Amino acid sequence: MTLKVTSIPEDPKYNRILPPLFADCDVAVLCFSLKFPVSLQNLFSWDSQIQENIKTKILVGNHQQEILNEVVLNNLMKKGIEPVSAAEITDAEQRLGTKGTVFVESKLNLNLDKVFQLVTELGYKK
23 MTLKVTSIPE DPKYNRILPP LFADCDVAVL CFSLKFPVSL QNLFSWDSQI
73 QENIKTKILV GNHQQEILNE VVLNNLMKKG IEPVSAAEIT DAEQRLGTKG
123 TVFVESKLNL NLDKVFQLVT ELGYKK
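Residue numbering for the sequence shown follows this note's numbering, beginning at 23 and increasing consecutively.
Just so you know, the hints here were simulated from the structure itself, not pulled from any lab data.
Quick caveat, the model's predicted, so the values are computed rather than measured.
For each residue, glycine too, the CB sits at the ideal point set by N, CA and C.
One thing to keep in mind: the hints can contain errors.
Pairs of lysine-lysine, DSS-like flavour, derived with a Cα cap of 25 Å [unchecked claim]:
# : residue 1 : residue 2
1 : K129      : K77
2 : K129      : K101
3 : K77       : K136
4 : K121      : K136
5 : K57       : K101
6 : K57       : K100
7 : K57       : K121
Restraint ranges, calculated between C-beta atoms of paired labels, are given here [what the hints assert, rightly or not]:
#  : residue 1 : residue 2 : range
8  : Q73       : Q139      : 18 to 26 Å
9  : V60       : K136      : 21 to 29 Å
10 : T142      : G102      : 34 to 42 Å
11 : G145      : K101      : 32 to 40 Å
Given these sequences and hints, build the entire structure.
So, in structure tokens, the structure goes:
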């Protein structure tokens, strides 16, 4: 199994490099921040770039513990930001056709093992 990590700017000039980059991938791990709904929305533009090469996708929502913290929530609300809702996640799962969703707290290594377990299971089913 090969792991490819990308962090490509949201800029159309980079769109042409995505399809070849993912040509031999079995599973796409689409990550977003539970604190910032725009990060979930950005996945739809990524999906249009990878969907012809990768049929199996999972969602990974980061900051699971942070959105349960009142101080963090208050700071977000002061900025006019509401965390990603369950309805938004369900909608994304359906629109993206994902095979699973895992919620993590990367700073604390919470549930990261579940991401790799799911990727491995789905990758070997192919």
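Hints, verified against the model:
Between K129 and K77 the CA atoms are separated by roughly 29 Å; this puts the pair beyond 25 Å, and the hint is violated. With a CA separation close to 23 Å, the supplied pair K129 and K101 stays within the 25 Å bound. For the hint linking K77 to K136, the alpha-carbon distance of about 20 Å falls within 25 Å, and the restraint holds. Taking the CA atoms of K121 and K136, the gap is about 13 Å. The hint holds against a cut of 25 Å.
Under the criterion of a C-alpha separation no larger than 25 Å, the hint pairing K57 with K101 is consistent with the structure, at around 12 Å. With a C-alpha separation of about 13 Å, the suggested pairing of K57 with K100 holds against the 25 Å cut-off. With a C-alpha separation of about 22 Å, the suggested pairing of K57 with K121 holds against the 25 Å cut-off. Distance hint check: the CB atoms of Q73 and Q139 are about 24 Å apart, consistent with the given range 18 to 26 Å.
Range check, V60 to K136: Cβ separation about 25 Å, and the 21 to 29 Å hint holds. For T142 and G102, the hinted distance range of 34 to 42 Å is satisfied, since their beta carbons lie about 40 Å from each other. Separated by about 38 Å at the C-beta atoms, G145 and K101 satisfy the suggested range of 32 to 40 Å.
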